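Student: Protein sequences appear in the order of chains A and B.
Its first residue numbered 1, the first sequence is counted upward by one per residue in my numbering.
Its first residue numbered 1, the second sequence is counted upward by one per residue in my numbering.
What the hints contain is simulated information worked out from the structure, not anything from laboratory work.
Predicted model only: the values in this text are computed from it and were never measured.
All the given hints hold, so there is nothing to weed out.
List of simulated lysine to any residue pairs, SDA-like, C-alpha gap at most 25 Å:
1. A:Lys13 to A:Val112
2. B:Lys56 to B:Ser85
3. A:Lys101 to B:Ser52
4. A:Lys57 to B:Gln107
5. A:Lys13 to B:Pro40
Residues per chain are reported as follows:
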Amino acid sequence: AAGVIQSPRHLIKEKRETATLKCYPIPRHDTVYWYQQGPGQDPQFLISFYEKMQSDKGSIPDRFSAQQFSDYHSELNMSSLELGDSALYFCASSDRGRGEKLFFGSGTQLSVL
Amino acid sequence: DQQVKQNSPSLSVQEGRISILNCDYTNSMFDYFLWYKKYPAEGPTFLISISSIKDKNEDGRFTVFLNKSAKHLSLHIVPSQPGDSAVYFCAASDQGSSNTGKLIFGQGTTLQVKP
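Pulled out of the complex, with its shape left as it was, chain A reads as follows (with noise of 0.2 Å):
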């Protein structure tokens, strides 16, 4: 069965770039989460899409930024890195209408050097 999809695995970045992270939600699910997962520490949750539309919005920076497409991929485009981005970015997507879990992909590791 197809799951959830991101891109890059694996990021490298230094202090003040850009970054723009995929995800790629299972085919028919309406719902898409970004959540970051610092060393050590819990997935936070960052900012949520339902519908191409944002739906929920948590501990994400100003520098983030976030948005979902037509066809329901999301892309989360960080700017101005600074060290302490570097996390584990996890997206998940769901059926929300139905109520459903959260499916997670294996995340963007972003090292910001």
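Please arrange chain B on chain A, whose structure you already have, making use of the hints.
Tutor: Just chain B, lined up with the frame of chain A:
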């Protein structure tokens, strides 16, 4: 403000024995609880869930118990197997009021099952 807490960072059990992972929450609006399992370099994988209208849900070797009055849930794995060694995250959501599906995670418990 940690709304979902897993106070045991790690747990070590012998193969064949029971593993009990605990989770506490503070938000009384949470009405749906899940356990996820995570291996290194992989995303969390759904394990089992429970709605607040139930106090127990069982799936094979995995059972989740919910005590709403104590705002406590636990995951029992019986019998434990070495392949169960992973990080286990407790998660909760408020499906009733907001229904955005957002999950709030605990800090995770690293389970090691020794052969």
